[in-house]
Amino acid sequence: MARMDFEVVVLAGGTSRNLNPLVSQEVPKALLPVANRPVLSYVLELLEASNLKDLIVVVEGEDAALRIGGWISGAYVDRLHVEVAAVPEGVGTAGALRAVASYLTANDVLIVSGDLVTDVPPGAVAATHRRHSAVVTALLCPAPVSGPSDTGTSGGKEKAKKPVRCNIVGLDPTRQYLLHLATGAEVEKDIRVQKSLLRAVGQIEIRADLMDAHMYAFKRSVLQDILDQKDKFHSIRQDILPYLIRTQLNSEVSDNGGIKSELGMDNISSQNDLRWLSQHREIAPSAFQEPHAFSLKPLPDARRTHKCCAYIASESKYCARLNSIQAYSDINRDVVGEASHLSGYSFSAQNNIIHPSAELGSKTTVGPQCMLAEGSKLGDKCSVKRSVIGRHCRIGSNVKIVNSIVMNHVTIEDGCSIQGSVVCSNVQLQERVVLKDCQVGAGYVVTTGSEHKSESLARK
Amino acid sequence: MAQKRGQRGASSSADDPEVVARVPLQAVLLADSFNLKFRPITLERPKVLLPLVNVPMIEYTLAWLESVGVEEVFVFCCAHSQQVKQYLNQSEWTKPAARLSVTTIESHDAISAGDALRVIYEKSVIRGDFVLISGDTVSNMSLAQALHEHKERRKKDPLAIMTMVIKHSKPSNVTHQTRLGTDEVIMAFDPETKELLFYEDKADPSQRIISLDKILLADSPAFYMHNDKQDCYIDICSPEVLSLFMDNFDYQHLRRHFVKGLLVDDIMGYKIFTHEIHSSYAARIDNFRSYGTVTKDIMQSWTYPLVPNVRYFGCCSNMKLDRQGVFKALDVVQSRSAQIGAVTLIGSGSTIGDHSVISNSVIGQECTIGRNVSVHGCYIWNNVIIEDDCKLNHAIVCDGVHLRTGVVLEPGVILSFKVEVGQQITIPAYSKVSLLPQPSIQDSDEELEYADANSGVIESPSITSMISTRNAELSSDYSVTENSGLSEVGISGVGYIWCSFEGGNDDEWRHSVAPIPASKLAELSHDDYEDPDVSYQEVNSTPVSGELRPDSEITGDDDADGTDYGDSADFDKEVEATFQRALTGVNQENVILEINSLRLSCNKSHADCAGALFLSVIKLGLEAPHSSNGELYQNTAKEINRWKDILKHYLKSVDEEIEIILKFEEICLEIATEFSPLFSTILSSLYEKDILSEDAILSWASEKEGADESDKIFVKQSERFITWLKEASEEDDEDD
Chain A
1 MARMDFEVVV
11 LAGGTSRNLN
21 PLVSQEVPKA
31 LLPVANRPVL
41 SYVLELLEAS
51 NLKDLIVVVE
61 GEDAALRIGG
71 WISGAYVDRL
81 HVEVAAVPEG
91 VGTAGALRAV
101 ASYLTANDVL
111 IVSGDLVTDV
121 PPGAVAATHR
131 RHSAVVTALL
141 CPAPVSGPSD
151 TGTSGGKEKA
161 KKPVRCNIVG
171 LDPTRQYLLH
181 LATGAEVEKD
191 IRVQKSLLRA
201 VGQIEIRADL
211 MDAHMYAFKR
221 SVLQDILDQK
231 DKFHSIRQDI
241 LPYLIRTQLN
251 SEVSDNGGIK
261 SELGMDNISS
271 QNDLRWLSQH
281 REIAPSAFQE
291 PHAFSLKPLP
301 DARRTHKCCA
311 YIASESKYCA
321 RLNSIQAYSD
331 INRDVVGEAS
341 HLSGYSFSAQ
351 NNIIHPSAEL
361 GSKTTVGPQC
371 MLAEGSKLGD
381 KCSVKRSVIG
391 RHCRIGSNVK
401 IVNSIVMNHV
411 TIEDGCSIQG
421 SVVCSNVQLQ
431 ERVVLKDCQV
441 GAGYVVTTGS
451 EHKSESLARK
Chain B
1 MAQKRGQRGA
11 SSSADDPEVV
21 ARVPLQAVLL
31 ADSFNLKFRP
41 ITLERPKVLL
51 PLVNVPMIEY
61 TLAWLESVGV
71 EEVFVFCCAH
81 SQQVKQYLNQ
91 SEWTKPAARL
101 SVTTIESHDA
111 ISAGDALRVI
121 YEKSVIRGDF
131 VLISGDTVSN
141 MSLAQALHEH
151 KERRKKDPLA
161 IMTMVIKHSK
171 PSNVTHQTRL
181 GTDEVIMAFD
191 PETKELLFYE
201 DKADPSQRII
211 SLDKILLADS
221 PAFYMHNDKQ
231 DCYIDICSPE
241 VLSLFMDNFD
251 YQHLRRHFVK
261 GLLVDDIMGY
271 KIFTHEIHSS
281 YAARIDNFRS
291 YGTVTKDIMQ
301 SWTYPLVPNV
311 RYFGCCSNMK
321 LDRQGVFKAL
331 DVVQSRSAQI
341 GAVTLIGSGS
351 TIGDHSVISN
361 SVIGQECTIG
371 RNVSVHGCYI
381 WNNVIIEDDC
391 KLNHAIVCDG
401 VHLRTGVVLE
411 PGVILSFKVE
421 VGQQITIPAY
431 SKVSLLPQPS
441 IQDSDEELEY
451 ADANSGVIES
461 PSITSMISTR
471 NAELSSDYSV
481 TENSGLSEVG
491 ISGVGYIWCS
501 FEGGNDDEWR
511 HSVAPIPASK
521 LAELSHDDYE
531 DPDVSYQEVN
541 STPVSGELRP
551 DSEITGDDDA
561 DGTDYGDSAD
571 FDKEVEATFQ
581 RALTGVNQEN
591 VILEINSLRL
601 SCNKSHADCA
611 GALFLSVIKL
621 GLEAPHSSNG
631 ELYQNTAKEI
641 NRWKDILKHY
651 LKSVDEEIEI
661 ILKFEEICLE
671 IATEFSPLFS
681 TILSSLYEKD
691 ILSEDAILSW
701 ASEKEGADES
711 DKIFVKQSER
721 FITWLKEASE
731 EDDEDD
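As given, the protein sequences belong to chains A and B, one line each in that order. Going by the working numbering, 111 is the number at position 111 of the first sequence; the sequence numbering is gapless. Going by the working numbering, 718 is the number at position 718 of the second sequence; the sequence numbering is gapless.
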């Protein structure tokens, strides 16, 4: 097979603890339905659209790997060439990469998190990576504006909500190079910027409104070296990426001679590397140029640098990660709402999707930004607003469903009211159940007349 | 008169803000730099009166203030205030025709800009927004925009009390200083509002990381960090600035105290904003290097219209600009064979002899330059006589200096007023020569890092042989015998070479007018290559998931040790001195009291006291006459026995006892190596006398187990004793 430009590794994770009780052995995180499609399908179709069809999907846990593999081979049999690899649980993203690193051969590797829902073309990230011949290029997105699901009237007033602080990012004036990245707990601490980097670029833009979207392009040889040498590195986000960023002026990563022979261009590009930081300095008026004595020729043993780049998605792009229950609700809401182009469905004139096989009783209304999948039946005088209802659900009469997600084969009896909740598959809600901001795990039975608020209900 | 007006203005402005808007624009000009960077020249003349391209610096500042529409200037003078006042009285500025009124305010006890502003506050002459500038600033920027921005902001937010003018200027990556010779400044500001969020001009170079408070991101999602901006030291201030200086009487430095103080103070919420200028010029002459740089900028007309050939200052009206940026007064007498190279100015009445070569230099008025003289990159002031065959390279030569035949000035030399240099003498690079001896106690200044530097005249052989004596009383410190040999040849020189301050010599090149030597640059850039290891380690100390970094802790500890090392040595000495007094009859309890107070004042622990005391005791043993190790042991044991009560007083727990053992190790290795063979014997005697417990010795031994081989000499030496202890304790256990 001809050498490909990019190889793609999709890190699909396993059963994330953050998402209990939504995930289970039967439904790993990657298969959680977003607008009635597994969340992984969004990444896979995004990659397919960029013509990246050879994928390795790494899954934590054998069971989960089998389920995901089964689903992929069914859904994408002719479209993608996917290999599913299973790794033990808890190895971290770096561990997951280590397991598959030896199979990688292309010059560059694109690593995508399986829980990403976005319309940013991976091809653009890859192109940026190539253009700068960077060792790593990270996709940065505007941090999602996440708030409690607006109850009742959604005025669309997002002003009051603050973007979540996901990362603190340092960029050069051209916003091409990644000079600082704080993640996780560091975000809440003081900002520690390396002076040498500041000196090299003169100006660093520190931003808190960007999110590391977990789509990275790595130079394969560098990635493999790091994985080999730094065997304590556990996570891409917390170990590998910060390591590359802080050593970019004093590169420790070795460029194997092997690559040079493979790539004739490499000699030229490595020379450019030395000067890359000076290229985007502003040109000062001549009197402000440094005295001639300063302009030393670069020393022959000039230190090696490498480039860490950023691709910043535009504000108009949608980008979110399904890493919490809140995010799950938000993404579902968005995919049938403002980011409806992602869903892949065509919306009706009422701005909703009702499968032809779905049945609605009399005086039942399904509002805009709703989705009703095949085979589901609603009784009389029901009201559905801004919600997603899965396949083959049986819903009685006088049921209100607002801002909620109802998965497949759910039975909802008469007089229930569901608000801001997630109801997993095979759940039974008996008559007059009231749920507000609850999560109901798969197969759970909520007994007649019970009311729950902000609870997580699941089978023991 | 100004005062009267001031009071009227102040009273009316209090009730009607409209009046504030109409007050004339005022400026406070600090005619004192409050530092010593221009010594020795500033011993004789204030910095603001030093000629910059043959015009006193303060003229540039006043001319700029006039051009931006300032109507009242308060010149604050401190050092050499009489000279400044006299100059201003004779100048055009105080003539009735002047467009701005110049008032001098004098104070002799001000030692900093903060003090100066407090004096000005007390005079209550400032009624509205004012421009704060020091008298060594050259600029041609238009203030209108910045002033407008400042006023608009003030209307919206009364807490926006200051606007700072900044300019793009990238510091060198190698020396980390700007072309003005100032250290790099790290600033952070809000990209939208240009509010200054962070300011650091004295960043610790050993620190590889700059840490910014997370609070900076609390309100705005983004900010910019810069090290490519230069602070022009032109500030537009609201009157609150003065009262803030009043409230915070410890604010001295405008930037280091005031700006930083405001930035970290989130109670009052005062805000500072920046105004960046792009095409206009603004620079402050902070040191000799900026003196040179600004001079060049003026000659190259970056400061237009403040340039020599524009009739801006009366004295320069007869300047003519030739090709290649050569300015020549009309009455210069120049030999046909003399060459005047690019970017040079020659003042009126100067003569230049045959075959002399002058380039990149400024020559003042009435200078006489002989034949075959080469002058490159020099700033020669007025009435200087340079005899034949001299070679001058990047030097500053003040008024009335006389260089005799064949003198060579190496790069960076400063010759202060009326210095004379004898024939064929080479003045080494970066020397400063003055008629006045180096003051033994430096004048008060907040930057007196070198206040305790060596005092008086420091003789160095090359100097004494070089500068001979004419004025006996001036040069009484010199060895006359050496000089008399030279005087016979007919050369004479007058002046003291100032010693460079301890450690200062390394940095002399940074602030000198001379270009930085290539060797220095190579050295520095080499250093830079070494550094990243450090930086890497430091970065490591940020916790990273899944990886334990024990070494980061160690690095931190090392740092701490390094910083108080000198401290602890001092402390040891103090304790020893106290202890010595105990020998002369002070009773033991008083000694304990004294040591306790020492401990508190030096912020030390009991363990430190124990260690220091132990050292003193051991030293006593050492001082007693001895001929063999045996005798030494006897003496020491005796002393230990005598002082064991005091020692025990400080040995409250095992930790302190371990400290003593560690101290003892240190003593054996570094202070009194005589003891090293006796280590284990003394250790066991300490044990026998109940000074050290068994636990302490055993835990010391176990602590050392993991140490380097070199660290374990003494553990090995005491091995038998330790095993014996161990066995004894095991037996005890068995008995139980």
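What the hints contain is simulated information worked out from the structure, not anything from laboratory work. Watch out, some of these pointers could steer you wrong.
Stated by the list, open to error - Partial pick of chain B residues on the chain A-facing surface, computed with a CB cut under 7 angstroms:
#1 170
#2 173
#3 206
#4 208
#5 211
#6 214
#7 217
#8 222
#9 227
#10 228
#11 672
As the list claims (entries may be wrong) - Here are the computed lysine to aspartate or glutamate pairs in the EDC-like style, where the Cα-Cα straight-line distance is at most 16 angstroms:
#12 712(B) / 665(B)
#13 195(A) / 665(B)
#14 195(A) / 276(B)
#15 195(A) / 410(B)
#16 214(B) / 172(A)
#17 194(B) / 219(B)
#18 214(B) / 205(A)
#19 214(B) / 414(A)
#20 189(A) / 410(B)
#21 391(B) / 410(B)
#22 195(A) / 204(B)
#23 194(B) / 205(A)
#24 689(B) / 645(B)
#25 260(B) / 334(A)
#26 363(A) / 414(A)
Ideal Cβ placement from N, Cα and C applies to all residues, glycine included.
> Going through the earlier hints one by one, which of them does the structure break, listed in rising order?
Replying inline: The structure breaks hints 3, 11, 13, 14, 15, 16, 19, 20 and 25; every other hint is satisfied.
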